[in-house]
Structure formats: C-alpha cells, structure tokens
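Student: Sequence:
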Amino acid sequence: MSDQIKFFLEENKMPKTWYNIAADLPKPLSPVLHPGTLKPVGPDDLAPLFPMALIGQEVSQEREIEIPEPVREIYKQWRPSPLYRARRLEKALDTPAKIYYKYEGVSPTGSHKPN
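The numbers in this note's numbering rise by one with no breaks, and the one at position 33 of the sequence shown is 33.
Treat the hints as calculated values from the structure; they're not laboratory data. We treat Cβ as the ideally placed atom computed from N, Cα and C, and that holds for glycine. The reader is advised that the hints may include incorrect statements.
Claimed, not checked - With a straight-line Cα cutoff of 25 Å, these simulated DSS-like cross-link-like pairs (lysine-lysine) come out:
| hint | residue 1 | residue 2 |
| --- | --- | --- |
| 1 | LYS102 | LYS76 |
| 2 | LYS76 | LYS16 |
| 3 | LYS91 | LYS13 |
| 4 | LYS13 | LYS76 |
| 5 | LYS102 | LYS13 |
| 6 | LYS102 | LYS6 |
| 7 | LYS91 | LYS102 |
| 8 | LYS98 | LYS6 |
| 9 | LYS76 | LYS6 |
Claimed, not checked - Label pairs and their calculated CB-CB ranges:
| hint | residue 1 | residue 2 | range |
| --- | --- | --- | --- |
| 10 | ASP3 | GLU64 | 19 to 29 Å |
| 11 | LEU54 | GLN4 | 33 to 43 Å |
| 12 | TYR19 | LYS76 | 16 to 26 Å |
| 13 | ILE5 | PRO70 | 31 to 41 Å |
| 14 | TYR101 | HIS34 | 35 to 45 Å |
| 15 | VAL59 | GLN4 | 17 to 27 Å |
| 16 | PRO96 | GLU69 | 34 to 44 Å |
| 17 | ARG72 | PRO31 | 45 to 55 Å |
| 18 | LEU29 | GLU64 | 49 to 59 Å |
Please put together the full structure from these sequences, using the hints given.
Tutor: Below, the structure written as structure tokens:
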C-alpha cells in the first residue's frame, strides 16, 4: 500500500473544458424565474450583471464548454493545487472508502470562488 498523501496534476494535463452536467440530466432543469415577473429569466435580465459569454455558458446544453485561454492562463498562477488523501480520517472512520480533498486557500482570493 502506498503512503502517498499529496497528489499533483501536471500543468499540461489541466482541463481545457468545463463539464456541463445539464447535458446529461434526464430532463432539462426548470428555468430560473424573475422575482418581479415570475417569468423565466432571459439574457436581457442577466446582461446588467454578467458578460454575454458567461450568460451563454449558463444556458448552454453542450456537455463540454471550452475554458477560454485567458482564464486558463490565470488559473496557472495557482493551479493545479494538489489533491490530498485523508488517510487518518479514513482510519478514524474505519471506512474502506478513499477520501480526498483539495485546499484552495493558495489562490489569490483564498477560496474556490474564481472557479
């Protein structure tokens, strides 16, 4: 049995696309409703808050959404962050499951929010 706790992803293996779970759902999600009209929110409702590229991603039914190159370049500043195996927690829980976690506090924002 390996005692390895920290696992690193090589930078050249970082994802180039986001996975969109909506493409694999058995039926489409119910639309988000506008709180004032109770009608489905459209792109014009979102435009004051989000760039159109982000709105396009939000409504996409594509399984894979390309991560723009400028975003991938920013991610490289603190990514890939290592994946840790919680061996002591596995032992304390007496579980056959393998438990992993990531610590994202090394990013400039100190959290996962830019993801």
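Student: Now tell me if each hint is right for this structure.
Tutor: Hint check:
As the CA atoms of LYS102 and LYS76 are separated by approximately 16 Å, the hinted pair is consistent with the 25 Å bound. Between LYS76 and LYS16 the CA atoms are separated by roughly 12 Å; this keeps the pair inside 25 Å, and the hint holds. A distance of roughly 31 Å separates the Cα atoms of LYS91 and LYS13; the hinted pair therefore is violated under the 25 Å criterion. Between LYS13 and LYS76 the alpha-carbon distance is near 11 Å, which keeps this suggested pair within the 25 Å criterion.
At roughly 17 Å between alpha-carbon atoms, LYS102 and LYS13 fall within 25 Å of each other, so this suggested pair holds. Note on LYS102 and LYS6: the hinted pairing holds, with a Cα-Cα distance of about 10 Å set against a maximum of 25 Å. Of the supplied pair hints, the one linking LYS91 and LYS102 holds, its CA atoms being roughly 19 Å apart against a limit of 25 Å. At roughly 13 Å between alpha-carbon atoms, LYS98 and LYS6 fall within 25 Å of each other, so this suggested pair holds.
Restraint check for LYS76 and LYS6: the C-alpha separation of about 19 Å stays at or below 25 Å, so the hint holds. Here the CB-CB span from ASP3 to GLU64 is close to 36 Å, at odds with the stated 19 to 29 Å. Hint check: LEU54 to GLN4, Cβ distance near 37 Å, so the stated range 33 to 43 Å holds. The beta-carbon spacing between TYR19 and LYS76, approximately 20 Å, falls within the hinted interval of 16 to 26 Å.
A beta carbon spacing of about 33 Å between ILE5 and PRO70 agrees with the range 31 to 41 Å that was offered as a hint. Between TYR101 and HIS34 the beta carbons are some 37 Å apart, a value that agrees with the proposed interval 35 to 45 Å. Take VAL59 and GLN4: their Cβ atoms lie about 41 Å apart, and the range 17 to 27 Å is violated. The beta-carbon spacing between PRO96 and GLU69, approximately 42 Å, falls within the hinted interval of 34 to 44 Å.
Under the hint 45 to 55 Å, the C-beta atoms of ARG72 and PRO31, about 30 Å apart, miss the expected range. Separated by about 18 Å at the C-beta atoms, LEU29 and GLU64 break the suggested range of 49 to 59 Å.
Hint violations for this structure: numbers 3, 10, 15, 17, 18, all remaining hints satisfied.
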